[in-house]
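*Asks:* Protein sequence lines, in the order shown, are assigned to chains G and U.
Using numbering that gives the first Met the number 0, you'd call the opening residue of the first sequence number 0 and step up by one each time.
Using numbering that gives the first Met the number 0, you'd call the opening residue of the second sequence number 0 and step up by one each time.
Please note: incorrect hints may appear among the correct ones.
One copy or two, it doesn't matter: identical chains are merged, so the pair holds either way.
[As the list claims (entries may be wrong)] Straight line, CA to CA, 20 angstroms or less: simulated SDA-like cross-link-like pairs of lysine to any residue:
#1 Lys284 - Glu269
#2 Lys364 - Gly302
#3 Lys131 - Leu169
#4 Lys196 - Arg132
#5 Lys131 - Glu114
#6 Lys131 - Lys196
#7 Lys590 - Arg305
#8 Lys215 - Glu330
#9 Lys131 - Ala194
#10 Lys196 - Glu114
#11 Lys238 - Ser153
#12 Lys372 - Ala147
#13 Lys372 - Arg146
#14 Lys298 - Glu391
#15 Lys364 - Thr301
These are calculated hints, taken from the structure and not from any lab test.
Since the model is a prediction, treat every value here as computed from it, not as a measurement.
Chain by chain, the residues:
2 protein chains.
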Amino acid sequence: MEFRIARIDLREWKAREEKIPESLLRKYLGGRGLGAYLALKEIPPKIDPLSPENKIYILTGPLTGTGAFQSGRYHVVGKSPLTGILGDSNSGGQFGPWLRFSGYDGLVIEGASDEPVWISIVDGEIEFHPAKRLWGKGVIHTERVIRAEMKTPSEYVGSVLAIGPAGENLSKIAAIMNDRYRAAGRTGLAAVLGAKKLKAIFVKGSRKVEIADMKKFLEESKKLTKKIMEHPISEALGKYGTAVLVNIINSHGAFPTKNWTRGTFEKAFEISGEYLAEKYLVTNKGCWGCAIRCARVSKVDTGPYRTPVSEGPEYETIWAFGANTLIGNLEALIKINYLANDLGFDTISLGNTMSTLMELYEKAKKGELPEEKAKELMELLGDIEPTWGNAEAFIQAVWRTAYRHGIGDIMAEGAARLAEYFGSPDSAIHVKGLELPAYDPRGINSMALAYATANRGGCHLRSYAVSFDVLGAPKKYDPLAIDMEKVELVKYQQDYFSVIDSLVVCKFNTFATDHTDYVGVLQAVTGWEDLTADELLEIGERIYNVERLFAVREGHGYKDYLPKRLLETPLPDGPAAGKTAKEALEAYLPKYYELRGWEDGKPKPETLKRLGLDEFLYIVS
Amino acid sequence: MEFRIARIDLREWKAREEKIPESLLRKYLGGRGLGAYLALKEIPPKIDPLSPENKIYILTGPLTGTGAFQSGRYHVVGKSPLTGILGDSNSGGQFGPWLRFSGYDGLVIEGASDEPVWISIVDGEIEFHPAKRLWGKGVIHTERVIRAEMKTPSEYVGSVLAIGPAGENLSKIAAIMNDRYRAAGRTGLAAVLGAKKLKAIFVKGSRKVEIADMKKFLEESKKLTKKIMEHPISEALGKYGTAVLVNIINSHGAFPTKNWTRGTFEKAFEISGEYLAEKYLVTNKGCWGCAIRCARVSKVDTGPYRTPVSEGPEYETIWAFGANTLIGNLEALIKINYLANDLGFDTISLGNTMSTLMELYEKAKKGELPEEKAKELMELLGDIEPTWGNAEAFIQAVWRTAYRHGIGDIMAEGAARLAEYFGSPDSAIHVKGLELPAYDPRGINSMALAYATANRGGCHLRSYAVSFDVLGAPKKYDPLAIDMEKVELVKYQQDYFSVIDSLVVCKFNTFATDHTDYVGVLQAVTGWEDLTADELLEIGERIYNVERLFAVREGHGYKDYLPKRLLETPLPDGPAAGKTAKEALEAYLPKYYELRGWEDGKPKPETLKRLGLDEFLYIVS
C-alpha cells in the first residue's frame, strides 16, 4: 500500500513529496493514528502551539475515497493551542476524498508564511497563492472566491478547506472548516493554521485510489453497507439528523442546561431534530460516499434570525448554543450556527464559552466575582448584556470573539481561560481545557469515565458511552448504575474509535459495527491478507497510547479528572436528580487503568513494549 | 506668537520639533488653514492616499485651549482616501487643548510604521509604544488600556485620540476618534492612520498656552461668551442637543428619508432630540471650554438595543442611521451609534452607505440591477437582509463593514463605490465622493450651492446655509425662493468658517457671531495688534482657495455639481414637494464663481495674486 504525503513548507512556499513506509501504516493505518505518531516524533516537546515549530497533519486513511461506506472524511492532528496537548479533529463533507484524488494521501503543514497564503493542489501540482484579499473574510466568501479562481463552481467537484476570521485571529476555539459548513472543530487547530497564515487549501484531481483486490473490496464493502444501513439508529440519523438526540438525551435528564446547572431543558422539543425537520429543513445531505445523509440543510426565511440556505445545525451545536445558554428559539440557533461556521468556530467550545460568560455575568451582578474583575467584565462587555437566553447578546458576542473585540478577546481563548480570567474557574465545564459536549455524566455515568480519560480533553468521540448507556448499542445498560462491564466498553470504544478515525470512516457506523467488520474491507484495500481482527484492535490501542504519551511528554494533560461541578453538585432535576459523577468516576477509573496497563494516567513500560512502542519508552522512564 | 509642531516619522519611530514661522500663521492662523497650506506644499500630487507618502496634520489654532469660549477643538487634514482630494475634519472633546498642554500646537504624521504603534506625548516627551495588543480593538477599550498604562484614569485629564477597527482595516468611511465618542469623522482620514499603523495618540502636560495680552483677552473673551450664550440657538442646543433639528428640518420637508427619496419621515418625533431628552438622556456634556453642553450622554437600559452610558447620538447620526434607512426606533439608533463610535466610523458616511445598500437590495429584488451584480449582492449579504427599517441588518452590517467581512468589504469603501460596484451609481447621494449630510437641498435651496462648492465634497460645514434658510441667523430667508443674496451668504460663511476652523473654535457660535467678533480676542492672544476684520476674512478666503487648489492640482474634484437625484427627481412629499435643486444650483453657481473670482471651479490667476498666493500660480496656469 502506498501513502504519499506532501510536506508543505510555508516559510519558503515550497512542497516536497514523501512516502510513508508501509510498515508504519500497518502500525497506525493513517488519519488520526498516523498523525499522532508523526506528531509525537516530529513536534518538539513544550513548544508554543502557535509557533512555526508546530505542525498540522491533514490526513486521509486507507479507506478514504475508496467508496467504502462513509469513507468521505479526513483527520487533522497537531499540538492544540486550547489544551496544550495533542489536538486532533475529524471532518466529513468532500475534502478527504478530493485530497486523495488530488494526488496526496496527506499533507504536513510546516513553518509559517510571512504573509497570508492559500494553496491549490490539482493533480499533484501544488501552488501557493497570496491570500491577502481573503484575510479577514468568512469561510463562505473564501470558498466562493477560490472556486471562481479555480474555475470549479460545483460543490461536488474539488473541495476547499479554510479557516475563518476566528482562526486568523488565533482564537483557541477556532475550527478548520471544509466545504463551507463542515468542521474539524475540536481543539482549536484552526488557530495554528492562522498563526501559519494559511487561509485555505483547494484540492482537485483525478488520481484513482489504489485498491489491492477490487473483487473482494466490492463484496466486503457491500456487506458493510448493508449492516450499517439496516441499523435503526442509521435510519433515525437519516430522518432527523443528529438533533434526533435532543429529545432522547433530555428525557434521560442528561441534557446539560444553563451551563451545566440542570439536566433538562423545558424547551427541548422546540430545538429538536423533529422540530427542525418540520419547520426549517430544506433537504438532507450526505458526505461523500454515504447514503445515510444525516446532515441538515436548513433556512429561516424572514425575521431577525433570517438565514439563507445553509447546513446544520447539528445536535451538539443546538445543545451548546441552545439549552446550555437557555436560548430556546431554533431560528436564533440556526442563525448563530451560520455565523459560527462562516467565522470559523468550534460550536461546542463557542457555546460553552458563551454559557460560561452568562454565568460569569450573573455572578458579577450578584456580587459573586472579585470586585475588580466584575468591573472589568462590565467594561469589556460594552453594550452587550449576556443574560440567560439572550440570543442578541450571543450574536454580538460571536462577532466580537471572531475579531477579538472587547470581551471577545478573552472569549476567543475558550471557556476555561475566560472563567479563570474572571476569577471563577469552576464556571467553565471542561476537561484538560476542552469544553465538554452535550451529555451530562451525572445522568449517563459511563460518560464520566469517557470524558475523564479522553486523550484530547473532554470529548464524546473517544468513547461514545451514550451508545450503550442510552441507545442500547451494542446492548442497553442502566445509565445511572455502576457496572464494571461498562469500563471494558469504554476502553473498547476508545481503541475501536481510534481505528475508525485512522481508516478514516465515520463514527456513526459504530452503532452497527465492531472492529471485526473492518478486517475484510481493509485487507482488500491494502493487500494485507494476514491482517486479523485482534491486530486491528491492537492498532487502536497503540494509537491511544501514543496520544497519551504526547501528554506525558508535555508534563500535563495525562491526569484524568472531571470538573468540580460534575463531581460535587448533584443534578437538581429530571431522572438523574440527586446524582453526581463522583461515584462512577471513582469506581471506574482504577479498573480502567488496570485494563489499559497504565498507572496514574501514564502507560507502564511493559504496556508500551507489548504494543511495540519501545521507541517511546524514554518518555515514561 | 509661537507655534510648535512635532514631525513624527513613523517609519523610524522618531520625532523632531519644528517652529512654524509667524508670517505663515498670520496668513493661515492654524488648524484647517495651516493644514491646507502644509498639505498643498508637502503632499506630492496624485499619490495614493493610503501610501506612506500621505501625511496627516493634527493641528490646534491660536485660540485652542486658551479658555476662549468653545476653544476645545482641533482639526485634522490630509489627502482623503474617500474623495482623492484634500480631506479634513474637526473634532471637539478634550484632545485639542491637551495636545497644546502636552507641548505641541500640532503634529505632522509622516511615513508608515511596520507594526502597530501608539504614541504618548507628555510634557514635550514623545514616546512610541508597540500597539499589537490594541490592534483590532474598539476605541473604548483602546482608551481604557492606554489610560491605565499612562496612569491617567480621569477622562478630564489628558486625552486619547484613536482609530477603531474600521480605520485599521482601511475603511474609507472611518473616523478618527478622540475621547471615545468624539469624531473627526469626515473624509475617512482614519484609514490613512490605519495605513500608517498608528493606533492612538495620548497627550497630557502642563504647558501654559501663551496669551500676549491677558487683560485684553479676558475682556474680549467675556464679550464673546456673553454674545454666544445669550443666543436662542445656543440655548436650544444646550437643551436638546443637535438633535433639536430633527423636528425642525422635518417640518421643512428637507429631512432626507429612505435614501433621499422623500423629504419627511413619519417617525421624526420618535427620533428627535426632544424624545431623546425625555427617554434616554443621562446628562448633557460639553467640550473643553464650553458651557453650552450640547453633547448628549444617553443609555438604553434593557432589551435588544441595550446600550451602556455613552455619548450621542447627534442630529446627523440620528438622521443618517434613522430617517434615511427608515429605522424609527431611537433605541436602535443609540446602539448603532455606540457601535459606530467604538468601531470608528463617520456616522454620516456609514448611514448613507447603509441606506444605499438598502436601495440596492430593493433594486436587486425588483430586477433593477444587472443580473450578475444582483446575484453577487445576494451572495455577499449572506444572512443579512437589508430591508428598509431593518435595524438588525444594520447592526450586523456595521460589524461586517468594520472588519471587511462579506458585503462589508464593499461597504467599507463608502456609498459611492458601493453603488458603483453594483451598477447603480445614482443610488449613492454624494458630491465628489463624500456622502451628503442631513439637509435636502430640494427643500433648503441654498444648500444646493453649499454642497456643490464645498471643498471637501458634499458637506454642511463649509457653509451652513440652513442657518439663514431655516434658522433665521443672521436673518431669515425663504428656503424655497431663489434669492441672489444667499449666494453672498454662502461665500461669506465658507470664508468665515475657514477662519473658525483655523482658530480653532466651534462652528456652533456662528449663529451668534460674525468674523468681526473674533478680531479682539485674536489680537489679544497673538499680539497682532494691527489685525483687522477684513484681514481676518481674507485669511478665510485664502484658505478656501488653497483647498480648492489642491483639487485643481489633483486634476479632479474642482467641478462643482450635485447628484442626479437631487437635480432631476422632485421631492414627492412635504412643504417642498415638487421641488428639485436644479433651478437653484443653476441660478447660484455663476454668481458664486463671479464672487469668488473663479472660472469653472478653478481660481483665476488674479484671484490668487490678490490673496497673496503667487507661489501656487503654477497650479492654475
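*Asks:* With reference to the structure, classify each hint as holding or not holding.
*Replies:* Going through the hints against the structure:
{"no.": "1", "hint": "Lys284 - Glu269", "result": "neither (22 angstroms within a copy, 48 angstroms between copies)"}
{"no.": "2", "hint": "Lys364 - Gly302", "result": "between (31 angstroms within a copy, 17 angstroms between copies)"}
{"no.": "3", "hint": "Lys131 - Leu169", "result": "both (17 angstroms within a copy, 13 angstroms between copies)"}
{"no.": "4", "hint": "Lys196 - Arg132", "result": "both (13 angstroms within a copy, 18 angstroms between copies)"}
{"no.": "5", "hint": "Lys131 - Glu114", "result": "both (7 angstroms within a copy, 16 angstroms between copies)"}
{"no.": "6", "hint": "Lys131 - Lys196", "result": "both (10 angstroms within a copy, 17 angstroms between copies)"}
{"no.": "7", "hint": "Lys590 - Arg305", "result": "neither (51 angstroms within a copy, 53 angstroms between copies)"}
{"no.": "8", "hint": "Lys215 - Glu330", "result": "neither (47 angstroms within a copy, 69 angstroms between copies)"}
{"no.": "9", "hint": "Lys131 - Ala194", "result": "both (14 angstroms within a copy, 15 angstroms between copies)"}
{"no.": "10", "hint": "Lys196 - Glu114", "result": "both (6 angstroms within a copy, 17 angstroms between copies)"}
{"no.": "11", "hint": "Lys238 - Ser153", "result": "neither (26 angstroms within a copy, 61 angstroms between copies)"}
{"no.": "12", "hint": "Lys372 - Ala147", "result": "between (48 angstroms within a copy, 15 angstroms between copies)"}
{"no.": "13", "hint": "Lys372 - Arg146", "result": "between (46 angstroms within a copy, 18 angstroms between copies)"}
{"no.": "14", "hint": "Lys298 - Glu391", "result": "both (18 angstroms within a copy, 17 angstroms between copies)"}
{"no.": "15", "hint": "Lys364 - Thr301", "result": "between (35 angstroms within a copy, 15 angstroms between copies)"}
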